[in-house]
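Visitor: Chain by chain, the residues run as shown.
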Amino acid sequence: MSKVQSIEEKLDLTKFISDQNYAHITINPEICKSKCTTFQCVYGCPSSCYKFTEGDEAEGPVSFDYISCLECGTCKLVCPHESVEWHYPKGGFGVEFKHS
Amino acid sequence: MSEEYDFDVAIVGAGPAGIAAALTLARAGIETVVLERGQYPGSKNVSGAALYGPVLHELVPNYWEDDKSFERYLTTKKISLLSESRSVTIDADLRNFSQPPYNGVTVIRPKFDRWLAEKAEEAGAMILPDTMVEDLVWKEKQVVGVKSGEEELKAKLIIIAEGANSLLVEKANLMKKPKPKHYALGMKETYELSSKKIEERFHLSENEGISNEILGHTKGIPGGGFYYTNKETVSFGLILNMDVLTKKKLEAPDVFEEFKNHSYISKLLKDAKMVEYSAHIIPEGGFKHMPKLYGNGVLVAGDAAGMVLNAGLYIEGINFALESGRIAGESAIEILKSNKFNKSGTKLYKKNLKKSFAYKDLKTFRRASHFLENKHMFTTVPDLLTVLMEKLLRNDGKPRKRIVMTAIGHILRKTPLWGMFKLLLGAVRSL
Chain P
970 MSKVQSIEEK
980 LDLTKFISDQ
990 NYAHITINPE
1000 ICKSKCTTFQ
1010 CVYGCPSSCY
1020 KFTEGDEAEG
1030 PVSFDYISCL
1040 ECGTCKLVCP
1050 HESVEWHYPK
1060 GGFGVEFKHS
Chain G
713 MSEEYDFDVA
723 IVGAGPAGIA
733 AALTLARAGI
743 ETVVLERGQY
753 PGSKNVSGAA
763 LYGPVLHELV
773 PNYWEDDKSF
783 ERYLTTKKIS
793 LLSESRSVTI
803 DADLRNFSQP
813 PYNGVTVIRP
823 KFDRWLAEKA
833 EEAGAMILPD
843 TMVEDLVWKE
853 KQVVGVKSGE
863 EELKAKLIII
873 AEGANSLLVE
883 KANLMKKPKP
893 KHYALGMKET
903 YELSSKKIEE
913 RFHLSENEGI
923 SNEILGHTKG
933 IPGGGFYYTN
943 KETVSFGLIL
953 NMDVLTKKKL
963 EAPDVFEEFK
973 NHSYISKLLK
983 DAKMVEYSAH
993 IIPEGGFKHM
1003 PKLYGNGVLV
1013 AGDAAGMVLN
1023 AGLYIEGINF
1033 ALESGRIAGE
1043 SAIEILKSNK
1053 FNKSGTKLYK
1063 KNLKKSFAYK
1073 DLKTFRRASH
1083 FLENKHMFTT
1093 VPDLLTVLME
1103 KLLRNDGKPR
1113 KRIVMTAIGH
1123 ILRKTPLWGM
1133 FKLLLGAVRS
1143 L
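Note that the protein sequences, when read in sequence, are chains P and G.
Per the working numbering, the first sequence starts with residue 970, numbered consecutively.
Per the working numbering, the second sequence starts with residue 713, numbered consecutively.
For the record, the hints were derived by calculation from the structure and aren't laboratory data.
Just so we're clear, the structure is a prediction, and the values are computed from it rather than from any experiment.
For every residue, glycine included, the Cβ atom is placed at its ideal position computed from N, Cα and C.
Just to be clear, a hint being listed does not mean it is correct.
Covered by chain P, per the in silico footprint, the following chain G stretches (three or more residues, Cβ under 8 Å) [to be verified]:
| # | segment |
| --- | --- |
| 1 | 817-827 |
| 2 | 872-879 |
| 3 | 986-995 |
Here are the computed distance ranges between Cβ atoms for each label pair [claimed, not checked]:
| # | chain 1 | residue 1 | chain 2 | residue 2 | range |
| --- | --- | --- | --- | --- | --- |
| 4 | P | ALA992 | G | LYS1062 | 34 to 44 Å |
| 5 | P | PHE1021 | G | MET1117 | 49 to 59 Å |
| 6 | G | ARG1078 | P | PHE1021 | 37 to 47 Å |
| 7 | G | PRO766 | P | ILE1036 | 36 to 46 Å |
| 8 | G | LEU1137 | P | ALA992 | 23 to 33 Å |
| 9 | P | ILE1036 | G | LEU1104 | 49 to 59 Å |
| 10 | P | ALA992 | G | ASP805 | 43 to 53 Å |
| 11 | G | SER906 | P | SER1003 | 54 to 64 Å |
| 12 | G | LYS960 | P | GLU977 | 19 to 29 Å |
| 13 | G | ALA740 | P | ILE1036 | 37 to 47 Å |
| 14 | P | PHE1021 | G | PRO1111 | 52 to 62 Å |
| 15 | G | LYS961 | P | ILE1036 | 20 to 30 Å |
| 16 | G | LYS1113 | P | HIS1050 | 52 to 62 Å |
Put together the whole structure using the sequences plus the hints.
Guide: Shown next, in the form of structure tokens:
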């Protein structure tokens, strides 16, 4: 029997020290809306921080939440339109690995 | 020291490259500071992870006498090929690897990096955690320090060891914008399992470890899985070529889950409790896509310098980080003596690095990363061998053909011959 573990379940195990005042990564919904048809960020992100939006009220086709970001760097590399503004979190914030 | 500078050398990043440099410098009495963005050294780092004993022994003689330094020494290496409901494994049990300094040892990065950083502190280096270096300080065309928030810290020489996301290397104008095809995405899960269970399950004696590289069952995406045994955990992961992953429109976590559900993997992880999930990019551009290793006032080491070797059998980063960091440290000592901090002085680092195994291995396997993008490696080869084994071993009441005839018939019928010829040619040229 195959069993699939949800990414939310997995991310619950990892410790994050969230910086509520600073999003270390931001995307530009205007660029995503006008230029992107391929959405590499959604497929590449290992913690599903990028999600397709639904409904007309969404700012762009993709939403991004930095809180469970593993700081891997994939989205910065795979976005072909430079819509991803990528920085590291401020010192002491972000993911804190204990077993990796 | 002139009053203009706070330190002789400032190092960005307390991973193996940065700490190896700091340790080398501090031992020579050089005023050294290491700036680490994480809560402690190792808290941001993701690796397999294993490293070569002899490289660590050179940096920290008799490291094995301190049992905090490593998890298990590697005596078993397995290479497995997977296809749907089949697997074939080569199992190398190598007893000659069970004596110090050990051929390879497994490590847990948050523990190992912290342990190594303590050695550097004992030698006199200053390590500042919680400190994010956002930018460089320039004086005309020379880098003379680093910026963290409002603070500036001046140093005669900066060693950039910030890791695979090398933002400062770009800011130092030492590399072009990185391309996704030169990187892979690594995802990893750590599982808790008692040492007794690890030893039973993987047929190990006390303190012995195993590493297993696993090819196939990745939806045709170049890459592969791995696991390493630690004292009381197992590190299990999957590495995927991010260019192909995103072009195939497959979500990374889904590919990982499906890989994990192969019976070969699920057996290994049975009843083990996952305790952490992590991920990181891996520079895999190899020799041809390394940035410039030195500039005016800067040296670059470790993953930031693209010093990762992927040659199929070997996927190595920590060894190269330790080695390039140590050589950066040794070179910095000479550069400080020469008092020449522009490129004409710092190029000494590259000259020294060229003599090391790290640079030579990258050069030897410079064609490997291109070869390892060949899709037949990840689909045709695992399918071919696992299905052949099934055919050879199946008893279905029919008279058998000679083994050789079965094999030849299978290969001729199932193989894109031209593709495989190119694969073999690529292997001969690059490995």
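Visitor: Decide, hint by hint, whether the structure agrees.
Guide: Comparing the hints with the structure gives:
1. 817-827: With 3 residues in contact (Cβ-Cβ under 8 Å with chain P), the coverage given for the segment 817-827 of chain G holds.
2. 872-879: With 3 residues close enough to chain P, the hint holds.
3. 986-995: Satisfied; 8 residues make the cut.
4. ALA992/P x LYS1062/G: 34 to 44 Å: At roughly 38 Å between Cβ atoms, LYS1062/G and ALA992/P fall inside 34 to 44 Å, so the hint holds.
5. PHE1021/P x MET1117/G: 49 to 59 Å: With Cβ atoms ~53 Å apart, the hint holds.
6. ARG1078/G x PHE1021/P: 37 to 47 Å: About 40 Å separates the Cβ atoms of ARG1078/G and PHE1021/P, which means 37 to 47 Å holds.
7. PRO766/G x ILE1036/P: 36 to 46 Å: 42 Å, holds
8. LEU1137/G x ALA992/P: 23 to 33 Å: 49 Å, violated
9. ILE1036/P x LEU1104/G: 49 to 59 Å: At 53 Å between Cβs, range holds.
10. ALA992/P x ASP805/G: 43 to 53 Å: Roughly 50 Å apart at Cβ, these two residues keep to the hinted range, so it holds.
11. SER906/G x SER1003/P: 54 to 64 Å: This hint holds: roughly 55 Å between Cβ atoms.
12. LYS960/G x GLU977/P: 19 to 29 Å: Given about 24 Å between the Cβ atoms, the range holds.
13. ALA740/G x ILE1036/P: 37 to 47 Å: 43 Å, holds
14. PHE1021/P x PRO1111/G: 52 to 62 Å: Distance hint for PHE1021/P, PRO1111/G holds at roughly 57 Å.
15. LYS961/G x ILE1036/P: 20 to 30 Å: Given a distance of about 25 Å, which is inside 20 to 30 Å, the answer is holds.
16. LYS1113/G x HIS1050/P: 52 to 62 Å: 57 Å, holds
The structure is inconsistent with hint 8 alone, although it conforms to all the rest.
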